[in-house]
Amino acid sequence: MPTKPAGTLYRGREGMWSWVGHRITGVVIFFFLLVHVLDTSLVRVSPEAYTAVIGAYKNPLMALGETGLVAAIVFHAFNGLRIIAVDFWKKGAKYQRQMLWAVLALWVVTMLAFSIRHLSLSLGGH
Amino acid sequence: MTATIESPRSGRIAPQYRRSGGSRGNFEMIAWLFMRLSGVVLVVLIFGHLFVNLMVGEGIHAIDFGFVAGKWADPFWQFWDLAMLWLAMLHGTNGVRTIINDYAEKTSTRRWLKTVLYAAAVVIILLGTLVIFTFNPCPVVNGVALPGGFCPA
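Taken in sequence, the protein lines are chains A and B.
Residue numbering for the first sequence follows my numbering, starting at 1 and increasing by one per position.
Residue numbering for the second sequence follows my numbering, starting at 1 and increasing by one per position.
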């Protein structure tokens, strides 16, 4: 009994989606890095200029943005270590799928710890 | 009668099929290796950066001019931030270069995007390096020295 073709769009599993995630988070981090070097460079202009601009990072909306940025960094970091393991570890390719789930588990734990600390510091008090 | 059979392919690969020794040398292999080596170092540098700046003490509320001045009064943090700047910018620029090569199909589009990318990378790396090394943690504003524990009285 022939089944209906499932379509031609390639939907790879863990391997492809981790690759997509790595690209997107990489680009996001890169553009933030450009901005971050520019805002830090204001220390060379004047203390007031720097303190004024850095003040923009200290509101509740930005606290969420920073948490999102750190989420991207932590995923990119852990998945990057997984890519290195896939490339250099003999059994890396065999266990790439399990390693992605380990990456995601570590990511959740790290982000829980970071979010609790960062959001309570930036949203609470002050 | 004996016939000598040449070893298959060895040394006889037509130039256009060679994977190294071309005009670009083994640049792509070096770039691939650099992504992995710099990646490991960046995990340490950036996690340390985030921990010290956001997780310790008052976190983000402690960051102001004096915070940066206090860190860069110490050569340890100057070197830390310099290494982070260079490695992150080269790692990120190479990553975006790969993405441009993957998605920009027209040769002229690729060339333009990469020109803009390299120009931005050079400006940011030079600017950041200059700021780290020419930064004065104890500026005198309107004739008044800014207070800071690390500044001479």
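Wrong hints could be hidden among the right ones.
[Claimed, not checked] Now the in silico label distances, taken between C-beta atoms and shown as ranges: (1) B:ASN136 - A:PHE32: 40 to 46 Å; (2) A:PHE32 - B:ASN101: 39 to 45 Å; (3) A:LEU64 - B:GLY48: 43 to 49 Å; (4) B:VAL44 - A:ASP39: 40 to 46 Å.
[Claimed, not checked] Calculated Cβ distances over 12 Å to all of chain B for the following chain A residues: (5) THR8; (6) PHE32; (7) ARG44; (8) ALA49; (9) ALA93; (10) TYR95; (11) ARG117.
Bear in mind the hints are in silico, worked out from the structure with no lab data behind them.
Given the structure is predicted, the values throughout are model-derived calculations rather than measurements.
Where a beta carbon is used, it is the ideal one built from N, C-alpha and C, also for glycine.
- Query: What hint numbers does the structure not satisfy?
  - Reply: Per hint list: 1, 2, 3, 4, 6, 7, 8, 11 violated.
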